[in-house]
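Enquirer: Now for the letters of each chain:
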Amino acid sequence: MGQIIFVVCRESIEALLVIGILYAWMNGRPGAQKGKIWLVAGILAGFGLAGLLTLTLIGVTDILGGAARDWFEIGMLTFASILIVQMVMWMRAHGRTMKKDLEQGLEKSTQSSNWWGVFFLAMIAVGREGSETVMFLYGSLLQLDSFASYVNFFVAAAIGLALAMILFFLLQIGGKYISWKWFFRVTETMLLFLGAALFLTAAGKLLGGPLAVTDLPAWMYSTVWDISGVLSDSSVFGGLLASLFAYRSQPIGWDLLMLGVYWVLVLLVLRWQLRGRESQAKRAASVVEAN
Amino acid sequence: MKLIGVFFLSLLCVLTTMKVWAAESGAQKSTQIDANGFSQQTHDPRYTKLPTYLIEMKDGALLPAELIVPAKTKFRLVVKNIGSKPAEFESNQLRQEKVLFMGANTSLVITPLDVGSYDYYDDFAPAARGKITVKAQD
Chain P
27 MGQIIFVVCR ESIEALLVIG ILYAWMNGRP GAQKGKIWLV AGILAGFGLA
77 GLLTLTLIGV TDILGGAARD WFEIGMLTFA SILIVQMVMW MRAHGRTMKK
127 DLEQGLEKST QSSNWWGVFF LAMIAVGREG SETVMFLYGS LLQLDSFASY
177 VNFFVAAAIG LALAMILFFL LQIGGKYISW KWFFRVTETM LLFLGAALFL
227 TAAGKLLGGP LAVTDLPAWM YSTVWDISGV LSDSSVFGGL LASLFAYRSQ
277 PIGWDLLMLG VYWVLVLLVL RWQLRGRESQ AKRAASVVEA N
Chain L
176 MKLIGVFFLS LLCVLTTMKV WAAESGAQKS TQIDANGFSQ QTHDPRYTKL
226 PTYLIEMKDG ALLPAELIVP AKTKFRLVVK NIGSKPAEFE SNQLRQEKVL
276 FMGANTSLVI TPLDVGSYDY YDDFAPAARG KITVKAQD
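Those protein sequences? They're chains P and L, same order as listed.
Be aware that the first sequence starts at 27, since it is given in this note's numbering, and climbs by one per residue.
Be aware that the second sequence starts at 176, since it is given in this note's numbering, and climbs by one per residue.
Careful: at least some of the hints might be erroneous.
[Stated by the list, open to error] Coverage of chain L stretches by chain P, computed from C-beta distances (three or more under 8 Å per stretch; other residues unrestricted):
id, region
1, 255-266
2, 287-299
[What the hints assert, rightly or not] Within a straight-line C-alpha distance of at most 16 Å, the following computed EDC-like cross-link-like pairs (lysine to aspartate or glutamate) qualify:
id, chain 1, residue 1, chain 2, residue 2
3, L, 255, L, 234
4, L, 260, L, 234
5, L, 306, L, 219
6, L, 260, P, 171
7, L, 247, L, 289
8, L, 306, L, 265
9, L, 273, P, 96
10, L, 249, P, 96
11, L, 204, L, 241
12, L, 273, P, 99
13, L, 224, P, 99
14, L, 273, L, 289
15, L, 247, P, 241
16, L, 310, L, 209
17, L, 224, L, 241
18, L, 249, L, 234
19, L, 310, L, 289
20, L, 260, L, 241
Worth flagging that the hints you see were computed from the coordinates, not collected in a lab.
All values derive from a computational prediction rather than experimental measurement.
Ideal Cβ placement from N, Cα and C applies to all residues, glycine included.
So here's chain P without its partners, still in its complex pose (with noise of 0.2 Å):
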């Protein structure tokens, strides 16, 4: 039983994590009501890929073997990590405007359809962590024999989900004492933070699956340093931090150099966009000087 909760809860907090720095980044921003149903409908897909995905997993149908399957977790983490600095560069270009555009009728579908963003994460998210925690409630499931155990079993499960549940509303709780400026920068950064997680296990599983058979120079696999004595990413802080922020506690030349191309071509393309906004608005600026 205890099991039961423990993985429940812990397999979907990660979700629920996810899903939370969504909503509050969404939350107070214009437009965020439209979002939440795309935030919600990304859920549900999400269980259906949950379990999808779990049918592979135990063997029902076999349309993913193990290369391909590879190949579609690490397509689908690079997607997801794509997304998010497109989503934060998105909000950051609209986020001004929309208000305006919202109250004026002037909304075009080209701007909703944006929020397909945040549709896909919160489904790769559920998706991900769900159809692990699909595959071992169902594994559990057969194991047992007499009405009791159903029964310990069901309550098990909704103690788990009930627990993530609640750390999850004490997180959203303190995200209202922040103020708002300092909210949107915070989740913003958290966003991008996580990008370069999923970023970096999509590079994990490229490096362990199909580049395997290749050996890259020496330097790519030797371990940079060693903290794991001070926080170690298998103990369930670490391994919270890994999944959110990329933290790892003994990385190789691989990790640093994968999440050093992230964050470049991260602030190159963020910078990249301040300036473009920057050269428009001194032509905006010229321009009326000139009338």
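Assemble the complex: chain P is given as a structure, and chain L must be docked to it using the hints.
Expert: The following block gives chain L in isolation, referenced to the frame of chain P:
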């Protein structure tokens, strides 16, 4: 014709029993330590290119709980779930996570490791901790 059929059938029987016998012999399990102080390699006919080690997961227990492998050598882990519940082989330090239904097995390629210690555990029952100890070769 019938005779040939019987011959092949009996040959098949003999071969399968031999295969079962070979698989059951403890000599291939990585729970044992070889003469050089490293874990015993397993011989899996599917994987012959890389040194291969076997980790079995049984309802939260990890067999072996410590695997000793040579440094800077790429190797393969065959992970089997022989328990009655699903298991998830996980190691952040090795960048691996694989969910295994009952009776399922998987193989993972581990990139060359530096001397040190790397954790692995069953994510569905993380009380038991396993570790891969990486030793320098003489």
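Enquirer: Decide, hint by hint, whether the structure agrees.
Expert: Hints versus structure:
1. 255-266: holds (count 5)
2. 287-299: Holds, because 10 residues of the region 287-299 of chain L bring their Cβ atoms closer than 8 Å to Cβ atoms of chain P.
3. L:255 x L:234: 11 Å, holds
4. L:260 x L:234: With Cα atoms ~6 Å apart, residue 260 (chain L) and residue 234 (chain L) stay inside 16 Å; holds.
5. L:306 x L:219: 22 Å, violated
6. L:260 x P:171: Roughly 14 Å separates the two Cα atoms, so the pair holds.
7. L:247 x L:289: 6 Å, holds
8. L:306 x L:265: 11 Å, holds
9. L:273 x P:96: 11 Å, holds
10. L:249 x P:96: 19 Å, violated
11. L:204 x L:241: 13 Å, holds
12. L:273 x P:99: 12 Å, holds
13. L:224 x P:99: With Cα atoms ~26 Å apart, residue 224 (chain L) and residue 99 (chain P) exceed 16 Å; violated.
14. L:273 x L:289: This hinted pair is violated, its Cα atoms lying about 23 Å apart.
15. L:247 x P:241: 12 Å, holds
16. L:310 x L:209: Holds, because 13 Å separates the two Cα atoms, which is no more than 16 Å.
17. L:224 x L:241: 23 Å, violated
18. L:249 x L:234: 28 Å, violated
19. L:310 x L:289: 8 Å, holds
20. L:260 x L:241: Violated - the C-alpha atoms of residue 241 (chain L) and residue 260 (chain L) are around 22 Å apart, more than 16 Å.
The structure does not agree with the numbered hints 5, 10, 13, 14, 17, 18, 20 stated previously, though it agrees with the rest.
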